[in-house]
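With chain Z's structure known, arrange chain A on it following the hints.
Residue numbers (full-length UniProt numbering), protein chains in the order written: chain Z, 1 to 334; chain A, 1 to 334.
Read the hints as simulated data drawn from the structure, not as lab findings.
One should not assume that every hint holds.
Any copy, or any two copies together, can satisfy a pair, since identical chains are not distinguished.
[As the list claims (entries may be wrong)] No farther apart than 20 angstroms at their CA atoms in a straight line, the calculated lysine to aspartate or glutamate pairs in the DMTMM-like style are these:
# : residue 1 : residue 2
1 : Lys273    : Asp245
2 : Lys290    : Glu139
3 : Lys273    : Glu256
4 : Lys273    : Glu234
5 : Lys273    : Glu232
2 protein chains.
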Amino acid sequence: MTTYQLPPICILGLGLIGGSLMRDLTISNERVFGYTMHGARAAQRDGFDVSDNMEEVLRRAEADNALIVVAVPMAAVASVLDQVASFAPTCDITDVVSVKERVYDLIVERDMQGRYVGGHPMAGTEFSGWSASHEGLFEGAAWAVTYDYAREGLADDHWAALFTTVCRLASVVGAEAVPVRVSLHDESVARVSHLPHVIAEALSLVGDRGGTLAQSLSAGSFRGATRVASTEPELVRNMCETNADSLVPVLDEFIELLQAARTSLADDPASMKQLAESGNRAYLRMAARKGARRESVSPVKISSRPVMRVHPGAPGWVRQLEQVESLGGRVEVF
Amino acid sequence: MTTYQLPPICILGLGLIGGSLMRDLTISNERVFGYTMHGARAAQRDGFDVSDNMEEVLRRAEADNALIVVAVPMAAVASVLDQVASFAPTCDITDVVSVKERVYDLIVERDMQGRYVGGHPMAGTEFSGWSASHEGLFEGAAWAVTYDYAREGLADDHWAALFTTVCRLASVVGAEAVPVRVSLHDESVARVSHLPHVIAEALSLVGDRGGTLAQSLSAGSFRGATRVASTEPELVRNMCETNADSLVPVLDEFIELLQAARTSLADDPASMKQLAESGNRAYLRMAARKGARRESVSPVKISSRPVMRVHPGAPGWVRQLEQVESLGGRVEVF
Chain Z
1 MTTYQLPPIC
11 ILGLGLIGGS
21 LMRDLTISNE
31 RVFGYTMHGA
41 RAAQRDGFDV
51 SDNMEEVLRR
61 AEADNALIVV
71 AVPMAAVASV
81 LDQVASFAPT
91 CDITDVVSVK
101 ERVYDLIVER
111 DMQGRYVGGH
121 PMAGTEFSGW
131 SASHEGLFEG
141 AAWAVTYDYA
151 REGLADDHWA
161 ALFTTVCRLA
171 SVVGAEAVPV
181 RVSLHDESVA
191 RVSHLPHVIA
201 EALSLVGDRG
211 GTLAQSLSAG
221 SFRGATRVAS
231 TEPELVRNMC
241 ETNADSLVPV
251 LDEFIELLQA
261 ARTSLADDPA
271 SMKQLAESGN
281 RAYLRMAARK
291 GARRESVSPV
301 KISSRPVMRV
311 HPGAPGWVRQ
321 LEQVESLGGR
331 VEVF
Chain A
1 MTTYQLPPIC
11 ILGLGLIGGS
21 LMRDLTISNE
31 RVFGYTMHGA
41 RAAQRDGFDV
51 SDNMEEVLRR
61 AEADNALIVV
71 AVPMAAVASV
81 LDQVASFAPT
91 CDITDVVSVK
101 ERVYDLIVER
111 DMQGRYVGGH
121 PMAGTEFSGW
131 SASHEGLFEG
141 AAWAVTYDYA
151 REGLADDHWA
161 ALFTTVCRLA
171 SVVGAEAVPV
181 RVSLHDESVA
191 RVSHLPHVIA
201 EALSLVGDRG
211 GTLAQSLSAG
221 SFRGATRVAS
231 TEPELVRNMC
241 ETNADSLVPV
251 LDEFIELLQA
261 ARTSLADDPA
271 SMKQLAESGN
281 RAYLRMAARK
291 GARRESVSPV
301 KISSRPVMRV
311 HPGAPGWVRQ
321 LEQVESLGGR
331 VEVF
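With the rest of the complex left out, here is chain Z (with noise of 0.2 angstroms):
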């Protein structure tokens, strides 16, 4: 007899996230079966249980009483979370959209909230689609898991419920929970990931208007910061777009950084001394942060992310997810 950690998981959308999360699941023998509206027939040749009839899938959902992941981008959310509303009515849903904001909006515009609890995977690759997806992607990966109905003290143990299977739902596939608000999610994603896609494109463009010389001499630093230019535009303007209120501020804070070295460049003698320093220091302490969890000598793989362990639904347990919060910390739950 087979045991499950997990209820049967509907995934909408198998592009890189959702069919790497199939995958996972997968491997891991828990029941899983999905919609996609691109590349169907590749994941049924590859043995997994796909349809292309949205309304099919979420009907079935509904009879098993699944856990729906929606994995489309955040332009087809709303008609998604729609048709959610009419084919599987009493669902639990959870997400893995890169903003966290938007797409609660339109789940409390349905009034969804508590059968919600947000997610996002922070992983991912340059390739997008169905035949990029792959196992391991999300192995010690954060996983953002939203929490902000509870902080409003409107959790019932169902709700509670829910939090505690979306965080095992990233347990399964290696990836680690990590409690946050959608507002903080959606400033911390626009610093260290909505930023870095724009810095891409733009490098990619500058580096390319010094033709095949500049190509040629080009060199690790210029690859590392330039590698997810080659994601799809679509997906690009997906991210920013939709987190441009937490993404504008961002951007203003990093051009006014690059002002001021470009100022001090142009001074003579020319000076890069402040934003070097600064900057090196800011790695620093990352990397301290970082490294100061690592000094075990255990051949284990141990993760940098403070731990804490918490029974969603116990008392004080929002209390804990904030301590967590605000170290970037993990929710191990039982």
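Structure of chain A alone, referenced to chain Z:
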């Protein structure tokens, strides 16, 4: 009897680049010795022929008719060249400094251009010093080799032979000699190396301001674009400040692209259409230029740089270098 491919090599400065060059030349059974201000004992303990007495090392270079490789930071180049003038007045000279115009100015001031061919291996890591040096650092890397003197029609047989030797030096350690004029070199590396360093510093600051939560949620795109911010600030300043004339206009191009994106992201509706699409196209153009040359089914790793066989000193050889330069190609000397 050992046959050497190179004259004795005298390396001045044994940091990451100079030290790695010494290691590679040693395993290739070439004759190599050097000077370093820091780390001479560590290098001696590792079995290398190293001294911290510059005068002694240079007198030996003169006696051995060695090729001198200047591998000190830009700030120390002038004083090192003065000592070369005093103690090794007939030795040929090359260098591995990351800017070429400033070095060439110092060479011309000392009337050394008839015995100087500039070089710059496009390789490195975020670490520095002898302890960071290692074998294989230059494998497959571009090694810029300057040829302004020949372009001005001044090269005699001696200079052509020196050009051959410097290309061979690159080749012995697995790098590919890319001919380039000093001014074009400096503009190109501003685009593909110095700008990425500026970006890494500024992005580290923006990321660090997001605290441990943002750090915890960061993944590959952030890591890739910030890695080189761990480079010693002194080295970054040295590179960027000495190349400020080329870096400032490139930084202006980059800031302008970011400002345009910022404006359209702040619009209603937010848009990043132009930057996302043009940045991705630029990336794909670069990838296509590389990829087209990777179609071979041979298991041998093939360079993506077009190659031209050149005999330095032969009729038309300078025109050949100009052609190779315009393609970012590499030369094989014979």
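Comparing the hints with the structure gives:
When the C-alpha separation of Lys273 and Asp245 is checked against a cutoff of 20 angstroms, the pair qualifies only between copies, where the shortest distance is 16 angstroms, while the shortest distance within a copy is 32 angstroms. Taking the shortest alpha-carbon separations for Lys290 and Glu139, only the intra-copy value of 17 angstroms comes in at or below 20 angstroms, while the best inter-copy value is 31 angstroms. Taking CA atoms no more than 20 angstroms apart as the test, Lys273 paired with Glu256 passes inside one copy only; the shortest distance there is 16 angstroms, against 23 angstroms between copies. Taking the shortest Cα distances, Lys273 and Glu234 sit within 20 angstroms of each other only across copies (8 angstroms), while inside one copy they are farther apart (38 angstroms).
Within a single copy, Lys273 and Glu232 get their C-alpha atoms only as close as 37 angstroms, which misses the 20 angstroms cut-off; across copies the closest is 12 angstroms, which meets it.
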